[in-house]
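Build out the structure end to end from the sequences listed, making use of the hints.
There are 2 protein chains.
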Amino acid sequence: MIRIALDALGGDYAPDMVIDGAVRAVKANEGKFQVVLCGPKTEVEEGLKKLGYNGDAISVVDAPDFVAMDEHPTEVLRKKPNSGLVTCVGLQKKGLVQASVSAGNSGAMMASCLMLLGRSSENFARPPIGCAIPTGKNRAVLVDAGANVDEKASVLVDFAIAGSVFAECYLGYEKPKVALLNMGEEEKKGPAVIQEAYQLLKNSSLNFIGNVEGRDLIAGEADVVVCSGYTGNVVLKMLEGFYELHQELFGTIDTPAGHRFAQMWDYRSTGGALLLGLNGTGIIAHGRSDAKAIEQAVIAAYQYAESKVAEKVGQKLAEYKQS
Amino acid sequence: MIRIALDALGGDYAPDMVIDGAVRAVKANEGKFQVVLCGPKTEVEEGLKKLGYNGDAISVVDAPDFVAMDEHPTEVLRKKPNSGLVTCVGLQKKGLVQASVSAGNSGAMMASCLMLLGRSSENFARPPIGCAIPTGKNRAVLVDAGANVDEKASVLVDFAIAGSVFAECYLGYEKPKVALLNMGEEEKKGPAVIQEAYQLLKNSSLNFIGNVEGRDLIAGEADVVVCSGYTGNVVLKMLEGFYELHQELFGTIDTPAGHRFAQMWDYRSTGGALLLGLNGTGIIAHGRSDAKAIEQAVIAAYQYAESKVAEKVGQKLAEYKQS
Chain A
167 MIRIALDALG
177 GDYAPDMVID
187 GAVRAVKANE
197 GKFQVVLCGP
207 KTEVEEGLKK
217 LGYNGDAISV
227 VDAPDFVAMD
237 EHPTEVLRKK
247 PNSGLVTCVG
257 LQKKGLVQAS
267 VSAGNSGAMM
277 ASCLMLLGRS
287 SENFARPPIG
297 CAIPTGKNRA
307 VLVDAGANVD
317 EKASVLVDFA
327 IAGSVFAECY
337 LGYEKPKVAL
347 LNMGEEEKKG
357 PAVIQEAYQL
367 LKNSSLNFIG
377 NVEGRDLIAG
387 EADVVVCSGY
397 TGNVVLKMLE
407 GFYELHQELF
417 GTIDTPAGHR
427 FAQMWDYRST
437 GGALLLGLNG
447 TGIIAHGRSD
457 AKAIEQAVIA
467 AYQYAESKVA
477 EKVGQKLAEY
487 KQS
Chain B
167 MIRIALDALG
177 GDYAPDMVID
187 GAVRAVKANE
197 GKFQVVLCGP
207 KTEVEEGLKK
217 LGYNGDAISV
227 VDAPDFVAMD
237 EHPTEVLRKK
247 PNSGLVTCVG
257 LQKKGLVQAS
267 VSAGNSGAMM
277 ASCLMLLGRS
287 SENFARPPIG
297 CAIPTGKNRA
307 VLVDAGANVD
317 EKASVLVDFA
327 IAGSVFAECY
337 LGYEKPKVAL
347 LNMGEEEKKG
357 PAVIQEAYQL
367 LKNSSLNFIG
377 NVEGRDLIAG
387 EADVVVCSGY
397 TGNVVLKMLE
407 GFYELHQELF
417 GTIDTPAGHR
427 FAQMWDYRST
437 GGALLLGLNG
447 TGIIAHGRSD
457 AKAIEQAVIA
467 AYQYAESKVA
477 EKVGQKLAEY
487 KQS
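Residue numbers (the working numbering), protein chains in the order written: chain A, 167 to 489; chain B, 167 to 489.
One or more hints might be untrue.
Just some of the chain B residues that point at chain A, by a computed CB distance under 10 angstroms [claimed, not checked]:
| hint | residue |
| --- | --- |
| 1 | GLY312 |
| 2 | MET349 |
| 3 | GLY350 |
Hint data in this document are derived by calculation from the structure and do not stem from the laboratory.
Every residue gets a Cβ at the ideal spot worked out from N, C-alpha and C, and that includes glycine.
Below you can see the structure in the form of structure tokens.
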């Protein structure tokens with residue numbers, strides 16, 4: 167039985183929405199997986215009681231420390247070993263769970279996974295966040311969605327490799343079309359580091375299609391969109407903001423296109439973002455996760471863990487980096 | 167009478183759509199301004215004839231050279247003095263027209279305006295493109311929308327000043343709320359240059375409200391959104407992409423909110439972007455401008471020129487830079 171560790175104190179609406187999401191996830195998937203809620207034991211157990219849950223698919227591990235959103239990532243690991251976040255990843259390191267999910271401090275989650283689970287390849291210096299994003303066509307992979315800043319060109323190439331493998335393993339795309347996010351199609355456009363990455367990618371074995379602009383990203387021209395974690399985070403948040411504005415102005419439009427849009431663009435249905443290039447499944451759920459978003463993130467964690475996406479990505483990455 | 171120079175060969179649908187846009191603009195604003203179309207004379211005159219235009223609000227200046235989208239900006243000025251783009255700005259330098267509009271190579275337009283018209287302040291090293299963008303609330307100013315890359319922190323501060331003055335002069339906002347586009351609200355988040363700019367802006371006399379994320383940008387939390395020209399271009403193109411996707415999926419929704427959205431988010435109605443910090447009005451229209459977009463850009467150029475927005479921005483900038 168696959169077991170998922172879930173940080174009970176992670177996210178803007180923790181612990182209530184996190185507990186609620188855990189209950190929803192196990193109820194909708196009986197017998198498939200168990201959830202281990204890591205958080206202040208009494209509080210979490212009371213939350214479960216309030217929801218009337220007394221099944222055995224959810225267990226609680228006491229982890230009383232609270233991690234704030236602005237705490238320094240690597241300090242959290244050192245100073246808050248008894249936080250939900252660090253406890254989750256610690257259980258995973260011991261093999262007691264097969265995936266960890268947190269909607270809390272994403273830098274701390276990345277740092278904890280990196281330090282405790284380790285890189286899939288020593289040559290893969292700066293693991294990124296890979297995120298499936300909606301487009302006008304199908305879903306695409308955005309990488310890095312916010313783990314890094316100020317990357318060198320070679321790091322952007324690593325992102326491209328990781329994103330390509332993720333799109334293959336997770337979205338099932340064959341030879342995914344990989345593109346650099348830029349301010350024009352021409353090779354000589356954009357920041358120096360993007361121009362340098364362009365030359366490296368042109369000579370790689372990836373299916374590199376060149377630069378895409380923001381409009382092409384939305385139109386779905388690329389399967390894998392590569393950019394700095396800074397830009398990726400701006401892109402991701404804009405996609406969310408647009409969905410929210412659309413819902414606020416128009417609600418779900420009652421046509422097939424309207425339902426497809428509402429389903430595909432709702433960030434609560436994406437199931438969180440996967441840390442790429444690590445030995446194991448670490449999921450960063452949205453900071454504003456409600457119960458539905460947590461439910462989806464837990465289900466995604468189960469699917470990732472069951473199909474060993476992180477391990478496959480890691481293995482292929484190691485092969486790429488060796489070749 | 168205000169005269170607007172228009173690059174007849176600029177843009178993906180030139181010269182037909184440019185000529186059409188010019189005719190629409192003068193017909194809808196009889197007696198207000200004249201348009202000087204700069205392009206291959208015979209071709210432009212035939213285009214006017216085809217549209218049945220024989221009024222005296224449009225004149226033609228022969229400028230046969232063609233500027234490609236990937237030509238190097240400063241080389242265009244040197245090698246293509248008889249292009250529509252350079253001819254427009256040359257007429258403006260001589261005082262024969264009061265504004266120049268091009269939907270062509272935006273780097274070349276920026277370089278030509280910079281070299282021929284000059285900076286409003288010598289301390290203002292890298293003039294940006296300011297663009298009014300749609301949000302869930304009112305319009306905001308995005309700066310830089312794509313003129314620069316790899317800016318230092320002090321250049322981002324210049325963008326903030328220019329954007330703030332533009333929002334004041336053009337959108338009529340008092341003490342516009344200025345924000346840095348970033349991947350989190352915290353001071354210590356994001357690329358080093360953004361963190362450095364944060365500290366500089368915190369100590370400036372601008373109404374600096376801190377960082378905004380992509381979602382806040384869409385929600386309209388800031389009146390002026392400051393970022394690198396690279397990021398700004400991605401943001402601008404994504405806003406266009408959203409609008410296009412929405413129109414493709416749903417068309418204009420027949421409610422007050424639907425009409426407002428269609429009006430506000432249609433990039434063809436924005437009238438192009440203004441070059442900030444120059445001695446004069448230089449407008450960069452969208453590369454994919456159709457006749458409606460050109461019409462709006464010409465009308466915007468007239469409004470900018472008549473209310474001397476560029477000069478006011480320039481004057482205030484010079485004051486800021488001296489203080």
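We went through each hint and held it up to the structure:
1. Residue-level restraint check for B/GLY312 holds (minimum Cβ-Cβ distance to chain A is 6 angstroms; threshold 10 angstroms).
2. Checking B/MET349 against chain A: minimum C-beta separation of about 4 angstroms stays under 10 angstroms; hint holds.
3. The interface hint given for B/GLY350 holds, since its Cβ lies 8 angstroms from the closest Cβ of chain A, which is under the 10 angstroms cut-off.
Hint compliance for this structure: no hint is broken.
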